[in-house]
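Participant: Sequence:
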Amino acid sequence: MEINHFINTIIEEDIRSGKHKRAITRFPPEPNGFLHLGHARAIITNYSMAKTHNGYFNLRFDDTNPVKEDTIFVDAIKEDIAWLGCEWENLLFASDYFDEMYHRAMLLVKKGLAYVDDLTAEEIREYRGDLKNVGKDSPYRNRTIEDNVQLFDGMMNGEYEDGSRVLRAKIDMQSPNMNLRDPVIYRIQRAYHHNTKDKWCIYPMYDFAHPIEDAIEGITHSLCSLEFEDHRPLYDWVVKECEMENIPRQIEFGKLRIAGAVIGKRYIKQLVDGGHVMGWDDPRLITLSGLRRRGVPASAIRDFIYSLGLPKSQGETEIEMLYTVVRDHLKLETSRVNAVIDPLKLVITNYEEGKVEYLEAENNRENEALGTRMIPFSREVYIEREDFIEVKPNKKWKRLAMDVEVRLMHAYFVKANKIIKDGNGKIIEVHCTYDPDTKSGSGFSERKPNGNIHYVDATINQEAEFRLFEELILDFEDKEVPFSEKINPNSMIIQQGFIEESIITEVGERYQFTRNGYYAADIDSTKEHPVFNRIVSLKSSYTPKTV
RNA sequence: UGGGCUAUGGCCAAGAGGUUAAGGCACCGGACUUUGACUCCGGGAUCGAAGGUUCAAAUCCUUCUAGCCCAGCCA
Numbered sequence: 003m004e005i006n007h008f009i010n011t012i013i014e015e016d017i018r019s020g021k022h023k024r025a026i027t028r029f030p031p032e033p034n035g036f037l038h039l040g041h042a043r044a045i046i047t048n049y050s051m052a053k054t055h056n057g058y059f060n061l062r063f064d065d066t067n068p069v070k071e072d073t074i075f076v077d078a079i080k081e082d083i084a085w086l087g088c089e090w091e092n093l094l095f096a097s098d099y100f101d102e103m104y105h106r107a108m109l110l111v112k113k114g115l116a117y118v119d120d121l122t123a124e125e126i127r128e129y130r131g132d133l134k135n136v137g138k139d140s141p142y143r144n145r146t147i148e149d150n151v152q153l154f155d156g157m158m159n160g161e162y163e164d165g166s167r168v169l170r171a172k173i174d175m176q177s178p179n180m181n182l183r184d185p186v187i188y189r190i191q192r193a194y195h196h197n198t199k200d201k202w203c204i205y206p207m208y209d210f211a212h213p214i215e216d217a218i219e220g221i222t223h224s225l226c227s228l229e230f231e232d233h234r235p236l237y238d239w240v241v242k243e244c245e246m247e248n249i250p251r252q253i254e255f256g257k258l259r260i261a262g263a264v265i266g267k268r269y270i271k272q273l274v275d276g277g278h279v280m281g282w283d284d285p286r287l288i289t290l291s292g293l294r295r296r297g298v299p300a301s302a303i304r305d306f307i308y309s310l311g312l313p314k315s316q317g318e319t320e321i322e323m324l325y326t327v328v329r330d331h332l333k334l335e336t337s338r339v340n341a342v343i344d345p346l347k348l349v350i351t352n353y354e355e356g357k358v359e360y361l362e363a364e365n366n367r368e369n370e371a372l373g374t375r376m377i378p379f380s381r382e383v384y385i386e387r388e389d390f391i392e393v394k395p396n397k398k399w400k401r402l403a404m405d406v407e408v409r410l411m412h413a414y415f416v417k418a419n420k421i422i423k424d425g426n427g428k429i430i431e432v433h434c435t436y437d438p439d440t441k442s443g444s445g446f447s448e449r450k451p452n453g454n455i456h457y458v459d460a461t462i463n464q465e466a467e468f469r470l471f472e473e474l475i476l477d478f479e480d481k482e483v484p485f486s487e488k489i490n491p492n493s494m495i496i497q498q499g500f501i502e503e504s505i506i507t508e509v510g511e512r513y514q515f516t517r518n519g520y521y522a523a524d525i526d527s528t529k530e531h532p533v534f535n536r537i538v539s540l541k542s543s544y545t546p547k548t549v
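Numbering (the working numbering), first residue to last: 3 to 549.
Keep in mind that the hints were calculated from the coordinates and are not lab data. Worth double-checking, as some hints may not be accurate.
Each pair of labels, with its calculated beta carbon distance range [as the list claims (entries may be wrong)]:
hint: 1; residue 1: 15; residue 2: 92; range: 23 to 31 Å
hint: 2; residue 1: 73; residue 2: 369; range: 41 to 49 Å
hint: 3; residue 1: 335; residue 2: 424; range: 41 to 49 Å
Below, simulated EDC-like cross-link-like pairs (lysine to aspartate or glutamate); rule was C-alpha separation at most 20 Å, straight line [what the hints assert, rightly or not]:
hint: 4; residue 1: 333; residue 2: 359
hint: 5; residue 1: 80; residue 2: 32
hint: 6; residue 1: 441; residue 2: 318
hint: 7; residue 1: 201; residue 2: 164
hint: 8; residue 1: 423; residue 2: 405
hint: 9; residue 1: 199; residue 2: 77
hint: 10; residue 1: 441; residue 2: 407
hint: 11; residue 1: 70; residue 2: 243
Ideal Cβ placement from N, Cα and C applies to all residues, glycine included.
Let the hints inform the model, and build the full structure from the sequences given.
Facilitator: Here it is as structure tokens:
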């Protein structure tokens, strides 16, 4: 793995100059949802930077806002990070530092750098000004230090109503950087915290808490996404004015975005809460748990992240890039099995009725170690509907057509000679004859077939359900979700492709899979972490060209 | 239009004054093939725009343009 980007350069320089001996990083998720592919970049980047620079990596839950957090998310997040293979040195919680944070805040108060403000939330917003106009000072901005000490203690002791007062850093209401216009650093909130229970009724804000957390842990490089660039001056201010011993350095990188997919915890949360998907681990989502359930190996996600580098640009990566890496990881190590998604019955009229023969097939032609399997073949089989066309349109058509001969993979050559349609003209059955001399493995070479298609035996699989999930397209505009323009102006496609439910394969196994790649997961498996052990053989990427 | 950031082929991305601008994905040709998969061969950009500096610029300067982020007592 090549790591060569600006963050790596910065860290190397910090080590070369003697500023640090090693890199200590962290991943600081708020436990309010599941991790997704975007987080994978942050996790893997922080982890690999520490590892390659002789340091270590902490997992720290940024649980400073109890009303949005839940322990079920901390468990899920731990599982996902462990799955990714990013071992953390310490498992920590921001809430463990609440006492320390309180003292640091009091220090600011005593230094005259923080004050208790009685303005309402709405008034604070008005006083803050906007992008065009500078803010103006709160009338409470110049309280005496003594008053502030007393008031802040009162806040902590629960003497005031929720939302009635806040503690603000006294910085600069005229700053062109909105984050420096006296940011709120503590709010009153009587909420049960999953970790500290009812001990506190005031909670620190991110901008105040985060730099202190980093400094306490001795984080050397605090890697985060680009939207925090504007916060860096505040981050540095807090570290300096709170007189922290360790000076962490925040470095930002661009967020990962996937074209056509919903990424971003808050949006995925809407889909989950709204019942649009089966849960956070719905395989259509690009949550880590969803990808895992779909059979994507963690190693593929790592390589995918590395392959993208660490840009500050703002593009959208196509999901095909991930699929390519996934295929690269699976193609040699997994066995294959045929499955038919959209079945068309093929009757082999000159094959003995009632007979079933079992044919041997390699599980993976490129990896003999995976062995072989026996697959049934009888007078009636299912082929993929798109593998048949009435009249061969051109020389490029490599599948079945009338009077055209193809090989049924691992079986015989068949030639179609009759089409049966229903009242609507839809083809419901195709009749053909087979040539017994062409049996797989016989070495037959008199003539070449027009192509090779896969099949699933119909006698054995008569109970197969060929039910398709609907492609999930949500129109956030129609649902009047306020974030619509932030996602996609038109509509969102959760994932290109479909999820098949209960497909029965050639060997009678039940699979759920997607059509995007040719990989599949047995997600009904009782295994704890169903990993793909089969690749479903599909020519899914091929779109027949009509003439 | 205050501040911060970004801009290289359809997508991602190398490149940091000097041969014909890496590579991957996607796509299109072709070979091979018991899946049209896999593998192999071939195919495309003058670098957001306009000026300027230089013998020489994607790389330096200037001015534009476009996009992203910031006005939570969210993170």
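Participant: So, for every hint listed, does it hold in this structure?
Facilitator: Hints, verified against the model:
1. 15 - 92: 23 to 31 Å: holds, 26 Å
2. 73 - 369: 41 to 49 Å: holds, 43 Å
3. 335 - 424: 41 to 49 Å: Holds - the Cβ-Cβ distance for residue 335 and residue 424, about 43 Å, lies within 41 to 49 Å.
4. 333 - 359: Violated, at roughly 28 Å.
5. 80 - 32: Holds. Residue 80 to residue 32 sits at ~12 Å (cutoff 20 Å).
6. 441 - 318: violated, 48 Å
7. 201 - 164: holds, 15 Å
8. 423 - 405: holds, 17 Å
9. 199 - 77: holds, 18 Å
10. 441 - 407: It holds: about 14 Å lies between the C-alpha atoms, which stays within 20 Å.
11. 70 - 243: violated, 29 Å
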